[in-house]
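**Q** Spelled out, the chains give:
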Amino acid sequence: MAPATKALYKQVFPVKSDLESAGKVSTEVRRILRSLGVEPEVVRRAGIVCFEGEMNIALYTKGGRIILIVRDDRVELLFSDRGPGIADIDLVKQPGYSTAPDWARELGFGAGMGIPNMEANSDRFAMYSRVGVGTVIRATIFRRCHETCGGNRAPGT
Amino acid sequence: MKIREVARLMGAEVLCGEESLDLEVTRAFAADLMSDVLAMVQEEGVLLITGTVVPQVVRVAEVMSMGAILFVRGKRPSAATVNYAAEVGIPLLATDKIMFEACGILYSRGLLPAKRKALPRENGPRD
Ligand SMILES: Nc1ncnc2c1ncn2[C@@H]1O[C@H](COP(=O)(O)OP(=O)(O)OP(=O)(O)O)[C@@H](O)[C@H]1O
Ligand SMILES: [Mg+2]
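Read top to bottom, the protein sequences are chains G and A.
Going by my numbering, the residue at position 21 of the first sequence is 21; the numbering climbs one at a time, nothing skipped.
So the number in my numbering is just where the residue sits in the second sequence, counting from 1, plus 157.
This is chain G alone, in the form it adopts within the complex (with noise of 0.2 Å):
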């Protein structure tokens, strides 16, 4: 992968494992996106991605925390969390394979799609993850702006 550039922002969000609050750090991202003038396609991929990550921190996990990091050049968005860890992350980025409770499908999650869109919505993606210890995940959008400015493509692509 190229070498990243300098990073422009960053801003560091815990997330609660509760439900109340989820999806709050998804809202700040668009709007700290959108105050940087970043270009709205990535916005709208980036708030997708974040909200699906913060959902799963929130349901599935203890705790955790997500950092934004805004370049010249991407948004990228690292989510981790303090367990339980993924035994095959294969498995969950399969379109439909789901652990959720019924109390989370009752609340309209849970059809086993929010790791797969975040893959769908990323450039870059990937996932570590150690069972009883926890979760990290780089999802990474380039931020090339093909009409507006005139091919400012994304490396490898």
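No lab work stands behind these hints: they were computed from the structure.
Just so you know, not all the hints are guaranteed correct.
As the list claims (entries may be wrong) - Calculated cross-link-like contacts (lysine to any residue; reagent style SDA-like; alpha-carbon spacing at most 25 Å):
(1) Lys62(G) <-> Val92(G)
(2) Lys24(G) <-> Ser177(A)
(3) Lys24(G) <-> Ala236(A)
With the hints as your guide, set chain A with the ligands onto chain G.
**A** Quick look at chain A with the ligands alone, frame taken from chain G:
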């Protein structure tokens, strides 16, 4: 279709966003599963028709830049949820009609369905 027209056809109560009723919703997407909304809606300004009333519904609509939310089956979100929607400028309507009837009426009056984004891997090779 104007949000005002949606409210009229639904006999809906306007929970918040009175000042935005003359804005248009582009198309509509009906689901109780927020997972599907997050994975499938692609345009902005879409009307979300749902029977799910948790606070995250408004956040989903916000993240997806949706135009308004119509709650069906007589469901009402909490006052805190309504206040949050008012704050972020998402109009909320509530009707006693069931989802099928609400959709049928709006569709017959010309409100178009949202385009559905293919699921990740849906178009890929089956493994
Ligand atoms: N941070 C995490 N730690 C531990 N397990 C997780 C974590 N995130 C997801 N999982 C597991 O992976 C499964 C799939 O997650 P995914 O987000 O794809 O779907 P879901 O949360 O079940 O449903 P949806 O996101 O569509 O509402 C979850 O059901 C859960 O078992
Ligand atoms: Mg999920």
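**Q** Now tell me, hint by hint, if it's right for this structure.
**A** Hints versus structure:
Restraint check: the Cα-Cα separation between Lys62(G) and Val92(G) comes to about 19 Å, which is no more than 25 Å; the hinted pair holds. Taken as a hint, the Lys24(G) and Ser177(A) pair is honoured in the structure, with Cα atoms around 24 Å apart against an allowance of 25 Å. At roughly 17 Å between alpha-carbon atoms, Lys24(G) and Ala236(A) fall within 25 Å of each other, so this suggested pair holds.
Every hint from the earlier list agrees with this structure, and none is contradicted.
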